[in-house]
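Trainee: Sequence:
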Amino acid sequence: MVQSLDYLKESPSQTAGPYVHIGLTPNFADIQGVYPSDLGTAMVNDRTRGERITITGRVIDGSGTPLRDALIEIWQADCDGLYNSPSETRGSADPNFTCWGRCPCDLSTGEYRFDTVKPGRVPFRDGRLMAPHISFFVVARGINLGLNTRLYFPDEEAANAEDPILSRIEHRVRVPTLIARKDGATYHFDIHLQGDKETVFFDI
Numbered sequence: 043m044v045q046s047l048d049y050l051k052e053s054p055s056q057t058a059g060p061y062v063h064i065g066l067t068p069n070f071a072d073i074q075g076v077y078p079s080d081l082g083t084a085m086v087n088d089r090t091r092g093e094r095i096t097i098t099g100r101v102i103d104g105s106g107t108p109l110r111d112a113l114i115e116i117w118q119a120d121c122d123g124l125y126n127s128p129s130e131t132r133g134s135a136d137p138n139f140t141c142w143g144r145c146p147c148d149l150s151t152g153e154y155r156f157d158t159v160k161p162g163r164v165p166f167r168d169g170r171l172m173a174p175h176i177s178f179f180v181v182a183r184g185i186n187l188g189l190n191t192r193l194y195f196p197d198e199e200a201a202n203a204e205d206p207i208l209s210r211i212e213h214r215v216r217v218p219t220l221i222a223r224k225d226g227a228t229y230h231f232d233i234h235l236q237g238d239k240e241t242v243f244f245d246i
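Mapping of the sequence shown onto the numbering used here: residues 43 to 246, in sequence order.
Do not take every clue at face value.
Quick list of in silico lysine-lysine cross-link-like pairs, DSSO-like style, CA-CA up to 30 Å [as the list claims (entries may be wrong)]:
#	residue 1	residue 2
1	239	224
2	160	224
3	160	239
Hints are computed from structural coordinates only; laboratory data are not their basis.
This one's a predicted model, so the numbers in the text were calculated from it and none came from an experiment.
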């Protein structure tokens, strides 16, 4: 039976509000007993293969103020360029690496932090290798739909130059908004929502 297209109405989008932390990071929100630890907190253990790195940064609004109630999720390949996913057909990802993490920004400083490994290169749809990168998903009060962006590594210049996603960015002056800043084993990546330094976001 064919049903009318106006039978079910689309629910309106709304901002994440304060409830995103209650639902996704209850321990962070001082709600005990839901999970032993918040999901996504630990991505690695002492048997995880690959180069250990730390990623830190802040989500910054158009006035230059860090958002202190943002929540970030990341998704990346392991050190061999394999994903911990049922759809991964090229091999088995490191079983000691989650490939996924979740972190609420610090309520005082607005800073987030992930302890992870540097990802390997993965193929684009046409088979070309993408540069090592980490996908970011950002939600916060005032953001109706989660924002998607990517972190690329400054010490991967050759790979970045041939990356099929970076090469699609029309305004080349905006490419640096996707490149982290390196300090030893730590990469700093601020996400700017608006303004002159606005980060490139992807419609996916």
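Trainee: Where does the structure disagree with the numbered hints, that is, which hint numbers, in rising order?
Mentor: none
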